[in-house]
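Visitor: Listed below are the residues making up each chain.
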Amino acid sequence: MSDKLNNFIKNLDVSAAKFQQMAAERLGNLDFPTTKDEYWKYTRLGKLTKLELSKSADPDRLNLTKHIISNDYLVVVNGFIREDLSQYSKLDFEIDFLGSDRMSEEAYFDKGLNKKDVFSSMNSAFFEKVISIKIGASKINEGPLQIIYVSKGDHIISNTRLYIESGKSSQSEIIQTFIEKESTNSFTNHVTEVYVSENAHLRINKAQLEDDTNSLITTEQIHQEKNSVFKINTVTLSGALVRNNINIAVAGQNCETHMNGAIVTKNNETIDNHTFVDHRVSNCVSHENYKYVLGGKSTGVFNGRVVVQKDAQVINAYQKNDNILLSDFAKINSKPELEIYADDVKCSHGSTTGQLDEDAIFYLQTRGIAEDNAKKLLVRAFVGEVIESFENEHFEKYINTQLELIHGWKN
Amino acid sequence: MSKTLLDIKNLHAEIEEEGKAILKGLNLTVKAGEVHAIMGPNGAGKSTLASVVSGKDGYEVTDGTVEMDGADILELDPDERAKEGLFLAFQYPVEIPGVSNINFLRTALNEIKEYRQEEPISAKDFMAMVREKSALVDLDAKLASRSVNEGFSGGEKKRNEIFQMAMLEPKVAILDETDSGLDIDALRIVAAGVNKLKNENNAVILITHYQRLLDYIVPDFVHVLADGQIVKTGDKSLALELEEKGYDWLN
Chain P
1 MSDKLNNFIK
11 NLDVSAAKFQ
21 QMAAERLGNL
31 DFPTTKDEYW
41 KYTRLGKLTK
51 LELSKSADPD
61 RLNLTKHIIS
71 NDYLVVVNGF
81 IREDLSQYSK
91 LDFEIDFLGS
101 DRMSEEAYFD
111 KGLNKKDVFS
121 SMNSAFFEKV
131 ISIKIGASKI
141 NEGPLQIIYV
151 SKGDHIISNT
161 RLYIESGKSS
171 QSEIIQTFIE
181 KESTNSFTNH
191 VTEVYVSENA
201 HLRINKAQLE
211 DDTNSLITTE
221 QIHQEKNSVF
231 KINTVTLSGA
241 LVRNNINIAV
251 AGQNCETHMN
261 GAIVTKNNET
271 IDNHTFVDHR
281 VSNCVSHENY
291 KYVLGGKSTG
301 VFNGRVVVQK
311 DAQVINAYQK
321 NDNILLSDFA
331 KINSKPELEI
341 YADDVKCSHG
351 STTGQLDEDA
361 IFYLQTRGIA
371 EDNAKKLLVR
381 AFVGEVIESF
391 ENEHFEKYIN
401 TQLELIHGWK
411 N
Chain R
1 MSKTLLDIKN
11 LHAEIEEEGK
21 AILKGLNLTV
31 KAGEVHAIMG
41 PNGAGKSTLA
51 SVVSGKDGYE
61 VTDGTVEMDG
71 ADILELDPDE
81 RAKEGLFLAF
91 QYPVEIPGVS
101 NINFLRTALN
111 EIKEYRQEEP
121 ISAKDFMAMV
131 REKSALVDLD
141 AKLASRSVNE
151 GFSGGEKKRN
161 EIFQMAMLEP
171 KVAILDETDS
181 GLDIDALRIV
191 AAGVNKLKNE
201 NNAVILITHY
211 QRLLDYIVPD
221 FVHVLADGQI
231 VKTGDKSLAL
241 ELEEKGYDWL
251 N
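Quick mapping for you: the protein sequence lines, in order, are chains P and R.
Heads up: the first sequence begins at 1 in the working numbering, then just goes up one per residue.
Heads up: the second sequence begins at 1 in the working numbering, then just goes up one per residue.
Calculated from the structure, these hints are not laboratory results.
Careful: at least some of the hints might be erroneous.
[Unchecked claim] Subject to a maximum C-alpha distance of 27 Å in a straight line, what follows is the list of computed BS3-like cross-link-like pairs (lysine-lysine):
#1 R:Lys198 / R:Lys171
#2 P:Lys376 / R:Lys56
#3 P:Lys397 / R:Lys198
#4 P:Lys376 / R:Lys142
#5 P:Lys376 / R:Lys124
[Claimed, not checked] What follows is a list of derived Cβ distance ranges for each label pair:
#6 R:Arg116 / P:Glu393: 30 to 40 Å
#7 R:Ser153 / P:Ala107: 58 to 68 Å
#8 R:Met127 / P:Asp359: 26 to 36 Å
#9 P:Glu393 / R:Ser122: 16 to 26 Å
Quick caveat: nothing in here was measured; it's all calculated off a predicted structure.
Here a beta-carbon is modelled for each residue, glycine too, at the ideal position from N, C-alpha and C.
Work the whole structure out from these sequences, hints included.
Guide: This is how it looks when you write it as structure tokens:
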């Protein structure tokens, strides 16, 4: 293990569980990626790796009213599940909090993760308990389940783990909100594993609202069975370094996969989205749309990888990444990566980067709208397409409120 | 005697980047209740006049004054000029995808009301106003709620400009070639809308190439703008003369 990595985790103890012991051992042979690694080319980890972090369960009562947008919600503070702050009915979702021993009995747990990835390996070694959510076969859940991840305090590391199995022909939505309460210089290392069974519909709406000194890395490993529909929407409005790795294995025919992202920054944020759709079989559709609005000295990274395997015919894969730079110092690195080994496929990608339309700003001004508000209207319209894809008015309202709080946007 | 709403004195302006003088000592006084037509050959400075008065970036005023209702507006931002009661109907209305026509108008209207220290308009009153004013220019209610000008035909865009003018109730409206490219039916609708909106308290400035518009909106004054100055002023018969003879005889 490198000194840097060793130093990073020096305050963490590994449990006695075999699964976590093995993960820690694996971690010993790994190191933090550098910009020489293809998938970390544009993102330096210095902001994160120089932090001195430790684990801390925080027992305080927290007022989360403003962040609760569902009847059923779970609260996780600094990586510890807080049942006392949570509220949910067991009728809709089968929810359990399990250690690695129990989770290891699950057929799909940990199977899809890249064992050479330092962050998911670190997560495996150090998570407290896994939130396991099962959605029964044919279960239709009208309301979503929300999981609120809170960072509280300074120099805290949280390794949070979520496991979702959506049963055959079920339909559900999961909301994940990553927030902070008086927290600085902290790090959340999150892993979500999802198994979408045959004919199931699952939607994940994620809001990432970390402090501008806090970092967040998420790894999402998704497996889709035939006739299933999976959607994941990611909204990032703050954070020092935020990296989302979404890996989707489409293993059954006739699947639909949707990924959308809205990123809005104003300071020194680095927001990096790496997505990977692996079309292993024929007759599937994937659709991706990421929009960045970058202000201040922030940096955006978008890397959209699509692989169409040799015998995966009649695939429609669309990818779009549009960016607006609000300042001369903001930066975007946008990279599509299409690897197509089949011959009967339709794949397209497009990336645009520009500034706000001066003529449109002037037009709005001549109607009596001040320049700042005109810009906000235009930016709001730009990300509007992504906001419409949430398909949840409470989540939409929440994001609009946060846009107003964090970025001063009015509706 | 009616009040002077817009008073332009000795206005000199140039294009910032090129330093090229376009307006060279322009004078124009517009009083409440009046309709003025400004005609002139291409390149005379007609659209520059509209841009400078409304405060568009890229022009520098090197001399002269522009006063609205007695107050200097040259130092104001475009939105502040609008809040003081100026309106510009664009020659080429801008398409703004994702911004709904009525949402932005409500934002605009309430910003103007806030500036004037008035109460914001309620959703109900606003919708009633939208219905009333869109009927004025025969604008489909569906267009009113779509993205600003996106996918509108040329005629629809111009009707939308007049609809916005009706919603914002300006003191001085400058219509920059609103008639260009319109077929006769659309022209009649636009003109009828403007006629219904003009009253003894406001004023309209029509910038146009064609006398045809003036058959429908009858001006009190017709000005000829050539080489950055008003070179001749007359009544509506001047427009007919210009249509017949062109501009060369003026030199």
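Visitor: Compare the structure with the hints numbered earlier in the document and write down the numbers of the violated ones, lowest to highest.
Guide: 3
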